[in-house]
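> Residue strings, one per chain:
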Amino acid sequence: MNMNILEISLPLLLEGLKATLLISAMAICISIFVGGLIGGLYISSNWLLHGIAYLYIKIFRNTPFMVQVYLAYYGLPALGLNVDAYWTGVIVLALYTGAYVAVILESGLRSVEKGQYEAAAALNIPYITMLRRIILPQIMGIVIPPLTSQFIMTVKESSVLSIITIAELTMMTNKAIGITFSPFEVYILAGIMYWAINICIERIAKYFEKKAVRYQA
Amino acid sequence: MQDTIDLVFSYMPDLLNGLYYTILVSVEAIMIGFVVGMVLSVLRMGKSKIIKWIISVYISFVRGTPIIVQIFLIYYALAMIGLDIPAFQSGVIALSLNSGGFIAEIIRGGLNAIPKGQYEAAKALGMGNFQTLRRIIFPQVLRITLPQFLNEFIAVIKVSPLLSIIAVVELTRAAQRIVNTTYISLPFYIAIAIMYFILNSILEYAAKKVEKKTLLAK
Numbered sequence: 002m003n004m005n006i007l008e009i010s011l012p013l014l015l016e017g018l019k020a021t022l023l024i025s026a027m028a029i030c031i032s033i034f035v036g037g038l039i040g041g042l043y044i045s046s047n048w049l050l051h052g053i054a055y056l057y058i059k060i061f062r063n064t065p066f067m068v069q070v071y072l073a074y075y076g077l078p079a080l081g082l083n084v085d086a087y088w089t090g091v092i093v094l095a096l097y098t099g100a101y102v103a104v105i106l107e108s109g110l111r112s113v114e115k116g117q118y119e120a121a122a123a124l125n126i127p128y129i130t131m132l133r134r135i136i137l138p139q140i141m142g143i144v145i146p147p148l149t150s151q152f153i154m155t156v157k158e159s160s161v162l163s164i165i166t167i168a169e170l171t172m173m174t175n176k177a178i179g180i181t182f183s184p185f186e187v188y189i190l191a192g193i194m195y196w197a198i199n200i201c202i203e204r205i206a207k208y209f210e211k212k213a214v215r216y217q218a
Numbered sequence: 760m761q762d763t764i765d766l767v768f769s770y771m772p773d774l775l776n777g778l779y780y781t782i783l784v785s786v787e788a789i790m791i792g793f794v795v796g797m798v799l800s801v802l803r804m805g806k807s808k809i810i811k812w813i814i815s816v817y818i819s820f821v822r823g824t825p826i827i828v829q830i831f832l833i834y835y836a837l838a839m840i841g842l843d844i845p846a847f848q849s850g851v852i853a854l855s856l857n858s859g860g861f862i863a864e865i866i867r868g869g870l871n872a873i874p875k876g877q878y879e880a881a882k883a884l885g886m887g888n889f890q891t892l893r894r895i896i897f898p899q900v901l902r903i904t905l906p907q908f909l910n911e912f913i914a915v916i917k918v919s920p921l922l923s924i925i926a927v928v929e930l931t932r933a934a935q936r937i938v939n940t941t942y943i944s945l946p947f948y949i950a951i952a953i954m955y956f957i958l959n960s961i962l963e964y965a966a967k968k969v970e971k972k973t974l975l976a977k
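Here the protein sequences line up with chains Z and D, keeping their order.
Quick note on numbering: the first sequence equals residues 2 to 218 in the numbering used here.
Quick note on numbering: the second sequence equals residues 760 to 977 in the numbering used here.
A few of these clues could be false.
For lysine to aspartate or glutamate, the following DMTMM-like pairs were computed, each having C-alpha atoms within a straight-line distance of at most 25 Å [to be verified]:
1. Lys-207/Z / Glu-970/D
2. Lys-59/Z / Glu-970/D
3. Lys-211/Z / Glu-864/D
4. Lys-811/D / Glu-879/D
Keep in mind that the hints were calculated from the coordinates and are not lab data.
Using the sequences plus the hints, can you model the full thing?
If you want it as structure tokens, here you go:
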């Protein structure tokens with residue numbers, strides 16, 4: 002590869018990499034809350050709450066992420082909400098990931114026997130304490146592997162946000178190509194960066210998974 | 760409101776044409792992807808360490824990088840080696856190389872479900888390696904993994920809008936074109952969202968049905 006290409010594109014790509022990491026990290030953190038909320042509603046016995054969660058999951062899982070991004074980007078201003086592109090992107094990515102996280106958490110919550118919830122209630126253990134001390138340690142080993150692949154997905158989907166002019170890695174790649182005119186090399190570089198992020202996520206998750214499975218029966 | 764709905768319906772032929780291309784691109788991609796996945800899985804069963812390593816790197820790359828990057832890479836790589844092929848074909852190649860990686864992993868899961876004794880029994884009966892795979896192993900693997908193939912098909916449909924960035928006129932690009940001429944965006948994006956939703960819901964339902972059947976057959 003021509004050294005010139007590297008010299009010009011690397012600073013731009015690193016800037017984009019930083020933005021991608023930040024956007025993905027924020028989206029992942031928010032999505033855990035969203036997923037917990039929707040997953041909790043989904044297992045609720047109230048049909049209305051269950052219905053809302055069901056609809057939410059269906060809509061976000063059965064439409065392409067790119068279309069969701071466009072809808073939010075053009076739809077929010079139409080509703081009178083002037084959110085800038087950056088936050089629109091983060092929010093849509095978080096809501097989208099949240100739908101998948103909800104399904105994963107829901108299947109985890111279901112894997113714990115009903116008797117344990119009832120026993121905890123009988124012992125007068127507060128709900129939050131029950132989740133923290135009894136339920137979550139058991140389901141961690143089950144939910145961490147699918148959550149990992151979901152979060153890797155989130156990092157990958159964040160590339161779609163380049164279409165609404167968010168200066169993340171893919172957008173900066175295109176910018177670098179505009180200067181260097183060597184699309185192939187620069188895209189390879191960007192690909193390696195995404196790849197590196199995702200391998201890191203995988204490794205970190207493996208570490209937590211090892212710690213988590215010791216609670217499993 | 761009524762005006763907007765009329766407007767969307769007046770452009771329906773364009774949208775339906777886009778939908779047709781979305782389905783076409785996805786079907787072609789999943790079919791070629793299936794072949795790619797099959798070849799990768801068979802090669803991976805061989806003894807050569809180098810081939811195994813190359814394949815695992817390929818699968819890791821395909822699964823670890825965004826599909827946008829892969830689409831652009833293929834698009835520019837084909838141009839770089841002097842092949843002048845239309846965006847549509849380039850998009851199909853990118854999507855099928857991508858889903859090939861995922862399908863190889865699906866097939867691996869299916870292969871793990873087959874007891875080792877079956878390979879040994881086939882060998883004892885004097886069947887060759889290829890014959891064993893073709894007549895004993897893969898028919899079972901395909902039946903076990905059929906629901907996952909349908910899910911992969913849904914996944915391909917969901918990434919196909921990204922082909923709009925290399926100007927393949929599928930559903931999303933068709934909507935963008937209309938938006939560019941009418942300067943009205945939201946109704947058309949809602950319309951295509953509904954179309955994608957219906958398409959994927961039907962496939963999801965089919966996958967669930969098939970999954971139930973394969974569970975019963977076990």
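> All hints are to be evaluated individually against the structure, with a verdict given for each.
Now for the hints, and whether the structure bears them out:
| no. | hint | in the structure |
| --- | --- | --- |
| 1 | Lys-207/Z / Glu-970/D | 29 Å, violated |
| 2 | Lys-59/Z / Glu-970/D | 19 Å, holds |
| 3 | Lys-211/Z / Glu-864/D | 23 Å, holds |
| 4 | Lys-811/D / Glu-879/D | 23 Å, holds |
Against the hints set out earlier in the document, a violation occurs for number 1 only.
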